[in-house]
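K.L.:
Sequence:
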Amino acid sequence: MCKAGGIQLELYLGVALKFIVALIGIIIVIRIIGQKELAQTTPVDLVFMLILADIVGGMIHEKDFKITHIIFIIIIWGLCMWGSEKLTRKNAFERWIDGKPEIIIKNGTVNTRLMEKENLSKQELETQLRKQGVFNVKEVRLGILEIDGTISAKLYKDTDNQEK
1 MCKAGGIQLE
11 LYLGVALKFI
21 VALIGIIIVI
31 RIIGQKELAQ
41 TTPVDLVFML
51 ILADIVGGMI
61 HEKDFKITHI
71 IFIIIIWGLC
81 MWGSEKLTRK
91 NAFERWIDGK
101 PEIIIKNGTV
111 NTRLMEKENL
121 SKQELETQLR
131 KQGVFNVKEV
141 RLGILEIDGT
151 ISAKLYKDTD
161 NQEK
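Each residue of the sequence shown is one higher than the one before, starting from 1 at the first, in full-length UniProt numbering.
Keep in mind that a hint or two might mislead.
Unchecked claim - Straight-line Cα separation of at most 25 Å, SDA-like style, residue types lysine to any residue; simulated pairs:
1) Lys63 with Trp77
2) Lys117 with Val44
3) Lys138 with Gln128
Hints listed in this document are in silico derivations from the structure and should not be mistaken for laboratory results. These numbers were taken from a predicted model, which means no experiment stands behind them.
Turn these sequences into a full structure, and let the hints guide you.
P.N.:
Structure representation (structure tokens):
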């Protein structure tokens with residue numbers, strides 16, 4: 001029974017060690033790459049994070065995977081993230097991957113086709129506007145749907161104040 005308990009403890013310690021190594025490795029790679037804040041995460045960043053989470057989760061519980069395998073995967077993942085960051089600095093690729101800001105409100109009128117294309121509900125649009133202190137779409141001279149999903153709004157009263 002003592003031997004079985006020792007094997008069980010060894011298994012748990014192995015899982016814990018793999019997890020800690022993976023966590024430290026991921027943090028180091030993210031720091032080296034200079035990852036943006038979460039609000040600026042692009043679809044590509046999200047895909048990379050999901051893939052890595054799945055890979056590391058599978059490796060932690062697999063007996064045949066050594067810590068060196070985890071480090072190798074994290075290095076490959078880091079290089080892929082770094083490469084995608086470099087590619088997204090090219091304008092055409094960045095627009096294709098990240099999208100581009102688009103006009104969603106013009107002179108108080110909402111672009112419903114864009115809302116449908118972006119799967120944005122009226123409620124979500126209104127919530128984004130309320131966060132900026134806008135409670136009526138008609139107050140918005142120009143509303144831009146940013147690539148991170150937020151909405152930037154230029155109000156009629158802002159324009160009036162600038163003209164005075």
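K.L.:
Look at each hint and say if it fits the structure.
P.N.:
Checked hints:
no., hint, verdict
1, Lys63 with Trp77, "holds, 21 Å"
2, Lys117 with Val44, "holds, 19 Å"
3, Lys138 with Gln128, "holds, 15 Å"
In this structure, none of the earlier numbered hints is contradicted; all agree with it.
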